[in-house]
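Peer 1: If you want the building blocks of each chain, they are given just below.
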Amino acid sequence: MAEKNNRLVDISWKEFDKLGPNERAPYFNDNGRVFHALLAQQFDRPALDRLCDLATNIRKIAKSKEGMQFLQSLLNHKRVMFYFTQPSSRTYLSFCAACKILGMAAADVRDAATSSEMKGESQEDSVRTFSSYFDMIVMRSKTSGLAEKMAWVLANSERPIPIINAGSAQDQHPTQALLDVYTLERSFEHLGGVDGKSILFVGDLKRGRTVRSLSILLTKFREVTQFFVAPKRFQLKPDSQKILKEAGVTFELSGNFERYVPKADAIYMTRVQDEWDKKPGQSRKSDIVKYHFKVRHLRLLRPHAILMHPFPRREEIEVDVDHDPRAMYWRQMRNGMWVRVALIATIFQCDTEVLAYYRKHLG
Amino acid sequence: MAEKNNRLVDISWKEFDKLGPNERAPYFNDNGRVFHALLAQQFDRPALDRLCDLATNIRKIAKSKEGMQFLQSLLNHKRVMFYFTQPSSRTYLSFCAACKILGMAAADVRDAATSSEMKGESQEDSVRTFSSYFDMIVMRSKTSGLAEKMAWVLANSERPIPIINAGSAQDQHPTQALLDVYTLERSFEHLGGVDGKSILFVGDLKRGRTVRSLSILLTKFREVTQFFVAPKRFQLKPDSQKILKEAGVTFELSGNFERYVPKADAIYMTRVQDEWDKKPGQSRKSDIVKYHFKVRHLRLLRPHAILMHPFPRREEIEVDVDHDPRAMYWRQMRNGMWVRVALIATIFQCDTEVLAYYRKHLG
Amino acid sequence: MAEKNNRLVDISWKEFDKLGPNERAPYFNDNGRVFHALLAQQFDRPALDRLCDLATNIRKIAKSKEGMQFLQSLLNHKRVMFYFTQPSSRTYLSFCAACKILGMAAADVRDAATSSEMKGESQEDSVRTFSSYFDMIVMRSKTSGLAEKMAWVLANSERPIPIINAGSAQDQHPTQALLDVYTLERSFEHLGGVDGKSILFVGDLKRGRTVRSLSILLTKFREVTQFFVAPKRFQLKPDSQKILKEAGVTFELSGNFERYVPKADAIYMTRVQDEWDKKPGQSRKSDIVKYHFKVRHLRLLRPHAILMHPFPRREEIEVDVDHDPRAMYWRQMRNGMWVRVALIATIFQCDTEVLAYYRKHLG
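Protein chains in written order, with this note's numbering: chain A, 1 to 363; chain B, 1 to 363; chain C, 1 to 363.
In case anyone wonders, no lab produced these hints; they're calculated from the structure.
Check before you lean on any hint, since a few could be wrong.
The list treats identical chains as one, so a pair stands whether inside a single copy or across any two.
Capping the alpha-carbon separation at 25 Å, the derived lysine to any residue pairs in SDA-like fashion look like this [said to hold, decoys possible]:
1) Lys232 - Glu353
2) Lys63 - Glu158
3) Lys65 - Glu252
4) Lys279 - Glu246
5) Lys60 - Gln349
6) Lys245 - Arg259
7) Lys65 - His361
8) Lys237 - Asp49
9) Lys245 - Asp277
10) Lys142 - Gly67
11) Lys14 - Asp324
12) Lys149 - Glu318
13) Lys142 - Glu121
14) Lys294 - Glu158
15) Lys65 - Ala247
It should be emphasised that the depicted structure is a prediction, and the values quoted were computed from it without experimental measurement.
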């Protein structure tokens with residue numbers, strides 16, 4: 001049983017509900033300990049550095065059968081619940097793989113039709129039910145703020161287990177942001193890391209929660225410039241711009257894709273999030289094709305720069321670009337598994353055990 | 001491979017089909033050994049006492065990582081099949097968790113659309129298929145008596161594996177009854193146990209299979225009084241009343257909720273089972289709100305009494321009641337996992353191994 | 001990580017796409033090593049013999065808890081992905097069981113609605129995603145040749161993991177053919193094996209992919225005669241007949257069921273594959289009932305002959321036939337699990353380890 005080690009017991013729901021993400025973030029760890037993973041904001045720079053290092057150690061340990069069996073021994077006494085009421089395959093599968101690497105047994109509810117919600121149960125009761133049988137909940141939802149609300153509910157119950165937000169509405173997708181940061185860190189390992197780099201975001205920046213979460217995390221690094229290139233209707237929302245301004249970050253908005261490609265150390269392509277369209281086909285009107293990365297753009301790309309995409313991809317990146325060594329999106333995807341392993345290991349405080357194994361066998 | 005250790009081979013389907021639940025019950029164990037878990041009737045008092053004791057031992061063993069790893073070693077060579085063609089999350093998830101605690105690998109068929117039934121296979125063939133690959137079947141169905149029929153089919157096949165009934169139509173939900181009994185036993189541990197207590201059932205007593213199963217199990221205890229409070233159209237069915245009469249049990253039917261609250265040692269609240277309505281909305285006509293447990297009822301409740309609910313809950317119990325220490329329904333839910341572990345351990349005859357471990361490490 | 005040990009990197013998609021199954025088959029192994037399992041054609045006689053022997057050894061090892069734990073230790077560092085977009089329960093469950101016997105962790109995508117395909121992702125990207133998190137893909141699809149295409153895609157990616165075809169359109173179901181061969185081998189173990197036997201196929205031979213795959217595999221044995229009995233509209237397709245002719249196999253087509261029953265060493269019954277009907281009910285016109293195996297046919301069946309069925313069964317075999325010792329279809333089904341364990345062990349090159357264990361403990 002987890003101890004009551006998060007600060008959410010000290011605040012009423014009414015008060016908590018009024019807080020913005022920045023004010024909420026500190027409630028999700030306790031004296032620097034990561035308990036839940038709900039908002040990109042909650043991770044400070046030292047926490048990000050620790051996670052990236054841990055992910056790299058885990059990745060190397062996992063290369064041998066013995067290493068994999070060590071990792072599986074860490075949490076083989078724990079059970080995880082996947083509560084995914086919004087369609088997902090990539091995030092779901094990478095969490096599945098991550099939990100299995102740590103030996104956790106998993107169960108899932110992915111379809112409201114097979115669940116008790118049909119019988120009129122409240123979501124609070126559903127989540128408390130999951131906490132009765134499982135030691136952690138990974139949840140993805142169409143409802144903004146639901147994971148944070150459930151963390152509050154559990155904190156005030158007898159079984160305050162950790163919750164990981166695997167994507168909520170249009171607002172956040174913090175583990176995606178963690179894997180993006182890890183990909184940037186790995187790629188610029190010999191170039192001084194993320195500090196001082198220029199990141200170009202392209203596509204549907206208005207509704208893409210991966211952009212929002214990564215953009216926030218990048219404010220934790222020194223002198224990172226952020227470029228946002230999109231058709232006007234898909235440009236970054238004012239609230240996201242406000243976060244950047246308050247953090248004193250240099251950023252530019254533009255509609256001119258080709259002008260910004262040569263300026264970037266990393267380009268983060270995104271698809272049009274048309275599942276949020278109010279009318280079907282509404283997004284198709286946009287002349288989005290101008291914002292696609294074609295083979296011909298490769299010559300504009302700096303030699304050390306990398307090309308990223310959170311996937312799924314449609315036509316944002318031409319398939320033939322895949323063969324270029326600067327196409328980092330497939331490795332980025334696999335990084336997602338490793339950083340999730342690292343995150344879960346951190347939540348359950350196995351990090352020191354992992355580091356000890358690494359030093360002994362691979363250090 | 002399980003031996004042919006159940007008596008179902010000695011009787012033809014035609015004869016078996018004619019038997020009532022009481023007459024069928026003895027066929028599901030062999031010289032006191034629990035083989036299937038299909039009907040509440042099949043558990044006698046010593047079997048119930050053994051199960052409750054085992055559940056408590058397992059619960060304590062599971063508190064340490066070493067204990068959990070011991071439990072997982074018990075059945076890590078066995079595979080379980082979840083065959084749930086009726087929606088469920090709580091029962092499904094608690095069985096998932098229970099099987100994983102014992103190290104069993106699981107697979108499931110929860111949606112007829114993904115299965116071969118679409119291709120016109122008989123249910124007998126489907127269940128025999130499951131028995132070809134798995135060592136136990138946990139099934140939930142809308143069809144009355146299906147689990148018992150399938151137990152008979154398998155007993156007369158080459159792979160007579162155990163079946164657990166995880167809820168069948170309106171008739172039975174035996175593992176729910178087991179967890180209810182375990183909850184009562186735990187709660188009255190220092191008050192002489194279940195014997196001599198008064199249990200008040202409230203709600204849709206006509207169609208609630210949890211009420212039916214628990215009511216039957218309570219007849220195995222000494223001098224338990226049963227009260228049934230419901231609007232007339234939801235009162236206990238004559239056949240259930242008949243079972244109580246034949247068992248010589250003291251029971252009362254009433255429509256007056258508030259009069260009975262102060263008389264009970266345990267109150268068992270249930271929701272309206274409107275999924276069985278012939279016309280949608282049919283149940284809504286009932287003035288069921290009079291039978292809801294509100295915060296103001298807490299002062300009527302005896303100090304040592306407990307409040308139970310099989311869940312899902314709608315409005316039968318006001319949420320603010322949750323904070324009262326007599327609200328036992330969340331612990332009741334978690335008890336469900338432990339009693340299911342105990343049941344499966346019993347079916348696979350690991351109970352002595354568990355007790356030996358307990359005595360050595362925790363006794 | 002799997003090495004780039006398959007020949008698919010040496011050929012462009014354009015060239016590969018033009019090849020027929022016989023020409024493709026050699027690409028799926030490397031110097032006799034089974035890497036993917038995609039087409040019946042790829043298995044030569046020595047490979048079949050090795051698989052059958054391995055399946056038997058595994059089956060015997062699995063009888064003890066220690067043996068089962070040994071098997072689970074072989075691949076407990078590997079993860080498998082089930083990608084089943086066509087309904088299946090038998091094949092799915094037997095693969096689940098097989099993977100769990102080898103200790104593999106599994107995840108699945110069975111319903112396109114819960115996956116990213118909804119978001120417009122290409123199947124190539126989906127499969128590359130799976131390969132990012134998993135070590136093997138088992139796939140079933142309505143699209144002819146999809147598994148082979150995906151094997152080519154992965155071979156030309158950074159993570160060329162093995163693919164097993166668990167049924168593709170009307171064309172192939174190679175692991176079903178392997179289990180059918182294993183069933184024949186086991187049944188004729190003391191009668192000289194499959195060589196020299198006569199196999200009678202009955203039913204929908206036109207659209208049944210199990211018939212097609214088994215018929216091809218039988219050409220690898222010496223002097224096997226193949227009889228095909230069906231109504232004209234369901235007779236074996238010309239391309240399948242052509243394969244038999246080219247292999248120099250003796251075969252006969254007929255519409256007369258009762259004349260052929262006494263000639264067969266094995267009868268392979270199949271159901272009408274009406275899910276491929278262009279108009280609903282189209283197949284029902286056929287006078288297929290003449291091709292059903294009834295209890296009265298048992299007296300026509302040779303004493304040593306066996307009766308097989310790939311299941312699901314409708315009315316092709318009367319249920320009362322099940323009790324005859326020559327009814328081999330239930331054992332055939334369970335053989336499917338063992339041969340799949342053997343296949344996966346072969347793909348991951350655990351076969352020598354299994355044989356060593358067998359010799360030491362059971363030889």
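Peer 1: Confirm or reject each hint.
Peer 2: Quick rundown of the hints versus the structure:
no., hint, in the structure
1, Lys232 - Glu353, "neither (49 Å within a copy, 62 Å between copies)"
2, Lys63 - Glu158, "between (39 Å within a copy, 15 Å between copies)"
3, Lys65 - Glu252, "neither (47 Å within a copy, 52 Å between copies)"
4, Lys279 - Glu246, "neither (34 Å within a copy, 58 Å between copies)"
5, Lys60 - Gln349, "both (19 Å within a copy, 23 Å between copies)"
6, Lys245 - Arg259, "within (23 Å within a copy, 64 Å between copies)"
7, Lys65 - His361, "both (13 Å within a copy, 24 Å between copies)"
8, Lys237 - Asp49, "neither (28 Å within a copy, 63 Å between copies)"
9, Lys245 - Asp277, "neither (28 Å within a copy, 58 Å between copies)"
10, Lys142 - Gly67, "neither (37 Å within a copy, 39 Å between copies)"
11, Lys14 - Asp324, "between (52 Å within a copy, 21 Å between copies)"
12, Lys149 - Glu318, "between (40 Å within a copy, 19 Å between copies)"
13, Lys142 - Glu121, "both (18 Å within a copy, 20 Å between copies)"
14, Lys294 - Glu158, "between (54 Å within a copy, 21 Å between copies)"
15, Lys65 - Ala247, "neither (45 Å within a copy, 44 Å between copies)"
Against the hints set out earlier in the document, violations occur for numbers 1, 3, 4, 8, 9, 10, 15.
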